[in-house]
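**Student:** Make the full structure from the sequences, and use the hints.
Number of protein chains: 2
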Amino acid sequence: MEGEPEKWILMVTARTPTNIAVIKYWGKRDETLILPINDSISVTLDPNHLCTTTTVSVSPSFDRDRMWLNGKEISLQGGRFQSCLREIRARAQDVEDKKKGIKIKKEDWQKLHLHIASYNNFPTAAGLASSAAGLACLVFSLAKLMNLKEDNSQLSAIARQGSGSACRSLYGGFVKWIMGKEDDGSDSLAVQLADEKHWDELVIIIAVVSARQKETSSTSGMRDTVETSALIQHRAMEVVPKRIVQMEKAIQNRDFPSFARLACTDSNQFHAVCLDTYPPIFYMNDTSHRIISCVEKWNRAEGTPQVAYTFDAGPNAVMIARDRKTASLLLQRLLYNFPPQSDTNLDSYIIGDKSILEDAGIKDMKDVEALTPPPEVKDTILPTQKSKGDVSYFICTRPGGGPVVLSDETQALLDPLIGLPK
Amino acid sequence: MEGEPEKWILMVTARTPTNIAVIKYWGKRDETLILPINDSISVTLDPNHLCTTTTVSVSPSFDRDRMWLNGKEISLQGGRFQSCLREIRARAQDVEDKKKGIKIKKEDWQKLHLHIASYNNFPTAAGLASSAAGLACLVFSLAKLMNLKEDNSQLSAIARQGSGSACRSLYGGFVKWIMGKEDDGSDSLAVQLADEKHWDELVIIIAVVSARQKETSSTSGMRDTVETSALIQHRAMEVVPKRIVQMEKAIQNRDFPSFARLACTDSNQFHAVCLDTYPPIFYMNDTSHRIISCVEKWNRAEGTPQVAYTFDAGPNAVMIARDRKTASLLLQRLLYNFPPQSDTNLDSYIIGDKSILEDAGIKDMKDVEALTPPPEVKDTILPTQKSKGDVSYFICTRPGGGPVVLSDETQALLDPLIGLPK
Numbered sequence: 003m004e005g006e007p008e009k010w011i012l013m014v015t016a017r018t019p020t021n022i023a024v025i026k027y028w029g030k031r032d033e034t035l036i037l038p039i040n041d042s043i044s045v046t047l048d049p050n051h052l053c054t055t056t057t058v059s060v061s062p063s064f065d066r067d068r069m070w071l072n073g074k075e076i077s078l079q080g081g082r083f084q085s086c087l088r089e090i091r092a093r094a095q096d097v098e099d100k101k102k103g104i105k106i107k108k109e110d111w112q113k114l115h116l117h118i119a120s121y122n123n124f125p126t127a128a129g130l131a132s133s134a135a136g137l138a139c140l141v142f143s144l145a146k147l148m149n150l151k152e153d154n155s156q157l158s159a160i161a162r163q164g165s166g167s168a169c170r171s172l173y174g175g176f177v178k179w180i181m182g183k184e185d186d187g188s189d190s191l192a193v194q195l196a197d198e199k200h201w202d203e204l205v206i207i208i209a210v211v212s213a214r215q216k217e218t219s220s221t222s223g224m225r226d227t228v229e230t231s232a233l234i235q236h237r238a239m240e241v242v243p244k245r246i247v248q249m250e251k252a253i254q255n256r257d258f259p260s261f262a263r264l265a266c267t268d269s270n271q272f273h274a275v276c277l278d279t280y281p282p283i284f285y286m287n288d289t290s291h292r293i294i295s296c297v298e299k300w301n302r303a304e305g306t307p308q309v310a311y312t313f314d315a316g317p318n319a320v321m322i323a324r325d326r327k328t329a330s331l332l333l334q335r336l337l338y339n340f341p342p343q344s345d346t347n348l349d350s351y352i353i354g355d356k357s358i359l360e361d362a363g364i365k366d367m368k369d370v371e372a373l374t375p376p377p378e379v380k381d382t383i384l385p386t387q388k389s390k391g392d393v394s395y396f397i398c399t400r401p402g403g404g405p406v407v408l409s410d411e412t413q414a415l416l417d418p419l420i421g422l423p424k
Numbered sequence: 003m004e005g006e007p008e009k010w011i012l013m014v015t016a017r018t019p020t021n022i023a024v025i026k027y028w029g030k031r032d033e034t035l036i037l038p039i040n041d042s043i044s045v046t047l048d049p050n051h052l053c054t055t056t057t058v059s060v061s062p063s064f065d066r067d068r069m070w071l072n073g074k075e076i077s078l079q080g081g082r083f084q085s086c087l088r089e090i091r092a093r094a095q096d097v098e099d100k101k102k103g104i105k106i107k108k109e110d111w112q113k114l115h116l117h118i119a120s121y122n123n124f125p126t127a128a129g130l131a132s133s134a135a136g137l138a139c140l141v142f143s144l145a146k147l148m149n150l151k152e153d154n155s156q157l158s159a160i161a162r163q164g165s166g167s168a169c170r171s172l173y174g175g176f177v178k179w180i181m182g183k184e185d186d187g188s189d190s191l192a193v194q195l196a197d198e199k200h201w202d203e204l205v206i207i208i209a210v211v212s213a214r215q216k217e218t219s220s221t222s223g224m225r226d227t228v229e230t231s232a233l234i235q236h237r238a239m240e241v242v243p244k245r246i247v248q249m250e251k252a253i254q255n256r257d258f259p260s261f262a263r264l265a266c267t268d269s270n271q272f273h274a275v276c277l278d279t280y281p282p283i284f285y286m287n288d289t290s291h292r293i294i295s296c297v298e299k300w301n302r303a304e305g306t307p308q309v310a311y312t313f314d315a316g317p318n319a320v321m322i323a324r325d326r327k328t329a330s331l332l333l334q335r336l337l338y339n340f341p342p343q344s345d346t347n348l349d350s351y352i353i354g355d356k357s358i359l360e361d362a363g364i365k366d367m368k369d370v371e372a373l374t375p376p377p378e379v380k381d382t383i384l385p386t387q388k389s390k391g392d393v394s395y396f397i398c399t400r401p402g403g404g405p406v407v408l409s410d411e412t413q414a415l416l417d418p419l420i421g422l423p424k
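As given, the protein sequences belong to chains A and B, one line each in that order. Everything in the first sequence is counted per my numbering, starting at 3 for the first residue and increasing by one. Everything in the second sequence is counted per my numbering, starting at 3 for the first residue and increasing by one.
Honestly, the hints are just simulated from the structure, not real lab data. Certain hints may be false.
Which copy is meant is left open, because identical chains are indistinguishable; a pair holds if it fits in one copy or across any two.
What the hints assert, rightly or not - No farther apart than 30 Å at their CA atoms in a straight line, the calculated lysine-lysine pairs in the BS3-like style are these:
1) K30 / K299
2) K380 / K74
3) K146 / K183
4) K365 / K74
5) K244 / K74
As the structure is a prediction and not an experimental result, all values here were calculated from the model.
**Tutor:** Following this line, the structure appears as structure tokens:
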């Protein structure tokens with residue numbers, strides 16, 4: 003170590019997207035290494051609307067590893083953080099910053115401590131895969147700081163040990179997590195099937211649904227499913243392998259009907275095995291069910307799928323529309339069925355890419371109130387039957403790119419002089 | 003035919019119970035004959051609280067077959083009614099009523115017309131297996147009228163062709179519907195596993211849950227499941243056969259923990275395959291989920307099951323308590339979580355066997371309001387969080403007996419002189 007001793011701080015800031023599985027991961031064959039019982043496929047979401055930003059820093063003046071999430075210090079003692087930190091430190095290389103006159107030899111990384119600050123540009127508790135983006139960003143930014151030679155696929159195998167689905171956030175576009183065969187997990191990693199430009203007409207609308215009950219964590223939920231469901235092994239061994247092949251093909255061919263059918267049925271089957279767990283796990287609620295009915299009714303009326311839906315371990319709906327035109331028609335339907343509460347601002351009810359709202363011809367609450375029932379709905383829903391407040395807000399987004407380093411230092415979350423949150 | 007021509011009317015009145023499956027029937031291998039893809043097991047419910055009463059009558063003065071359900075004339079043209087009528091007429095025997103001076107030869111039944119009146123002592127639309135009790139009662143009463151030699155098991159194979167689960171209503175207590183192997187359905191029939199006295203401590207509480215959405219009919223629902231679910235065949239061929247053996251043993255041994263575990267997991271798996279159907283079918287709603295959570299939390303706290311739950315093709319919960327003491331504790335919990343709306347009379351909110359309510363020490367609404375959270379609930383539920391009106395009412399009942407002929411003519415639903423509803 004050179005440079006002015008005890009004084010220098012080296013830092014890297016990176017941004018990593020969240021992802022939503024369209025063929026679901028549910029069930030581990032190894033709890034410690036986080037090895038899944040089946041392959042899964044995901045779509046990466048545009049980091050402009052949903053992402054984690056992480057600044058990692060190292061300094062001889064730091065006396066211990068510390069981490070802040072959304073400005074609040076959190077413990078790094080969890081086994082999952084420790085696995086990631088250990089795996090990355092073991093692969094660290096020599097680092098030299100000539101401008102700052104800093105030189106770190108690879109063996110020094112075992113002794114140097116880290117300060118880490120992480121920030122989600124979306125509510126952490128909303129059930130939007132914040133841990134996937136978070137762990138992926140931690141691993142990616144540390145790999146850049148420590149000059150790892152590993153590519154993103156190899157890094158994904160490290161991120162996997164922090165949070166299974168995090169491995170799929172190392173790439174943009176369409177990503178497959180290969181379950182692997184090795185006992186040590188070395189071949190359980192993510193590969194990119196296609197980048198986000200391959201199928202760029204898709205538009206994604208997320209309904210953040212108000213939950214009344216506390217949810218089962220996905221870690222304990224999937225453990226219970228593997229231990230008690232009489233259907234999960236059949237799903238993992240017989241059903242998913244066929245769907246993976248079909249989904250890869252659907253993505254390659256931009257075949258929306260097949261993509262939608264596979265995404266919807268696989269989401270439903272994931273929730274089916276949750277229900278087959280003992281005691282049963284319910285992630286979807288009545289609002290989730292009503293969103294599905296709304297989409298299914300429309301798809302059936304059109305004769306071919308316009309919109310796919312998928313739900314993770316919570317009541318939020320992620321809807322994927324075949325194109326912008328369809329997305330604006332979907333948004334009209336959603337606002338007709340799930341209008342905001344009277345005291346809610348439309349601007350905070352539809353967030354993300356607001357241009358979809360413009361396309362739908364909706365400028366203010368008057369336009370929402372003037373929406374007429376879509377043609378596939380026979381009976382007009384009376385205003386009193388509409389349950390305002392069942393959806394907290396909608397996020398409009400699209401498939402997006404993978405992790406990037408943010409070289410603009412003003413975007414760092416840590417003060418470059420003291421290494422503490424700004 | 004003798005007796006005063008064109009004048010005489012011969013009639014029989016019978017009462018038949020409903021039943022609730024504890025190992026579920028879902029999926030047909032033959033739509034016309036109604037042959038199932040797996041065995042099922044049910045508990046017959048006490049006809050004092052839930053039953054169908056049917057009067058069947060024959061007269062040379064009737065010019066066509068007619069039927070009234072709950073006082074309203076309905077069509078008998080449906081294939082299912084026609085199947086039952088055809089099968090029964092084909093087995094009709096000579097009948098003689100010496101007192102009335104009536105003699106009917108078996109070949110006459112093909113020409114004689116019937117008047118049928120049926121009445122449910124519970125709401126038809128509440129999703130409480132009214133068609134099972136109804137078809138069973140139709141077949142049973144016609145068999146008595148036409149002097150059939152067939153026993154109840156053979157009659158069950160006829161009732162089955164009217165409504166699958168109707169075949170299980172031909173016996174009291176605990177009943178198995180054997181799926182059978184023959185293409186003609188002759189061996190697909192019900193047998194009694196044990197009568198209602200075998201396990202008479204059990205108490206049943208039914209929560210009739212308010213539904214917001216129209217439900218998928220079970221006929222089309224199970225067809226869609228068989229056609230689209232990737233899990234239903236595994237359930238029918240691998241899971242259910244083992245559970246049938248275990249459930250028979252649990253009933254034989256009055257082994258409540260095994261009985262409860264099997265009933266709950268099989269109900270959940272039935273709803274899981276509904277969710278795995280495309281488009282997905284949701285029968286349970288948020289209220290159903292909350293009832294399950296309430297029971298599961300209590301069972302876990304006690305270390306051994308106190309109550310089993312099972313849900314048919316709708317949101318209603320059927321809860322089976324191990325004994326009267328447990329049932330009164332269950333009722334306290336249910337009333338704590340699901341109090342009646344302020345304008346509801348307690349007497350109409352808890353119907354059936356009201357002695358359970360007395361055991362629970364609840365005399366009026368003040369007692370309901372004074373209920374304290376059960377020990378397994380850590381956080382007191384605020385009165386504002388309780389959703390009054392989510393449950394329409396509760397029915398307290400128990401396992402009960404099979405079909406009986408009501409010889410008291412005052413209980414007949416048809417006027418003995420004109421053969422029309424009283």
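**Student:** Work down the list of hints and note, for each, if the structure agrees.
**Tutor:** Hints, verified against the model:
no.: 1; hint: K30 / K299; verdict: between (35 Å within a copy, 26 Å between copies)
no.: 2; hint: K380 / K74; verdict: between (50 Å within a copy, 28 Å between copies)
no.: 3; hint: K146 / K183; verdict: within (28 Å within a copy, 66 Å between copies)
no.: 4; hint: K365 / K74; verdict: neither (37 Å within a copy, 52 Å between copies)
no.: 5; hint: K244 / K74; verdict: neither (44 Å within a copy, 52 Å between copies)
When held up to the earlier numbered hints, the structure conflicts with 4, 5 and fits the remainder.
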